[in-house]
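K.L.:
Sequence:
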Amino acid sequence: MNGIDLKTPRELEIMRRAGAVVAKLLKLMESSVGPGVTTRKLDAIAEAFVRSQGAEPAFKGYYGYPATICASVNEGVVHGIPGDRALVEGDIVGIDVGVKFEGYYSDAARTFAIGRVDEESRRLIEVTRRALARGIEKAVEGNRLGDISWAVQSAAEKEGFSVVRQFVGHGIGRNLHEEPQVPNVGKPNQGPRLVAGMTLAI
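In my numbering, the protein residues as written are 539 to 740.
Fair warning: there could be bad hints in the mix.
List time: in silico DSBU-like cross-link candidates among lysine-lysine, alpha-carbon distance up to 30 Å [unchecked claim]: (1) LYS565 x LYS676; (2) LYS579 x LYS545; (3) LYS545 x LYS562; (4) LYS545 x LYS565; (5) LYS696 x LYS725; (6) LYS598 x LYS579.
If you anchor each label on the Cβ, the simulated ranges turn out as follows [what the hints assert, rightly or not]: (7) LYS696 x SER570: 19 to 25 Å; (8) THR649 x PRO604: 40 to 46 Å; (9) LYS725 x ARG654: 19 to 25 Å.
These aren't lab readings, by the way, just hints derived from the structure by calculation. The beta carbon of each residue, even a glycine, is placed where N, CA and C say it ideally should be.
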């Protein structure tokens, strides 16, 4: 279907298990972030956890990427390489994680507040979570890809924020990045029809 790989029920079950590892990892990251913690330390915690679950870090070695997580602090958008900078009260840190489990990938990201953050940062985190939730609500069979994109875009813009246009979500499965691309901007009722077996990272 236009280069989009539809998954079988067996494949979807493996991907659910991969997704469960990612969900647990993000919970672990939530409990591990804090003032004084370096993103390199978070990376070490993440890699140990992923391997303890019988999975592999999806990002490490991907086009030469050196780490298990991407950690973007404050104005960093995505793909920040973990390092020795310690997080401080008032920072926000986006952590993107991915795993390969039994040959299938899962990928997700969350943004965490370090201690008390200013009102604008708090709003950014909250609006972003709501925008993602609106996009996920539109990811149902019969809708079109543009319905997801428009839901994300309109939820952000309604609150006075804009979306990052140069980075997109994507299909996922046997490969970390598959078709289709899932932009954060779009028009309703445009793009490929969503069908059972599609797997998307929004």
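K.L.:
Give a verdict on every hint.
P.N.:
Cross-check of the supplied hints:
no.: 1; hint: LYS565 x LYS676; in the structure: 25 Å, holds
no.: 2; hint: LYS579 x LYS545; in the structure: 36 Å, violated
no.: 3; hint: LYS545 x LYS562; in the structure: 23 Å, holds
no.: 4; hint: LYS545 x LYS565; in the structure: 27 Å, holds
no.: 5; hint: LYS696 x LYS725; in the structure: 15 Å, holds
no.: 6; hint: LYS598 x LYS579; in the structure: 15 Å, holds
no.: 7; hint: LYS696 x SER570: 19 to 25 Å; in the structure: 33 Å, violated
no.: 8; hint: THR649 x PRO604: 40 to 46 Å; in the structure: 22 Å, violated
no.: 9; hint: LYS725 x ARG654: 19 to 25 Å; in the structure: 39 Å, violated
The structure is inconsistent with the numbered hints 2, 7, 8, 9, although it conforms to all the rest.
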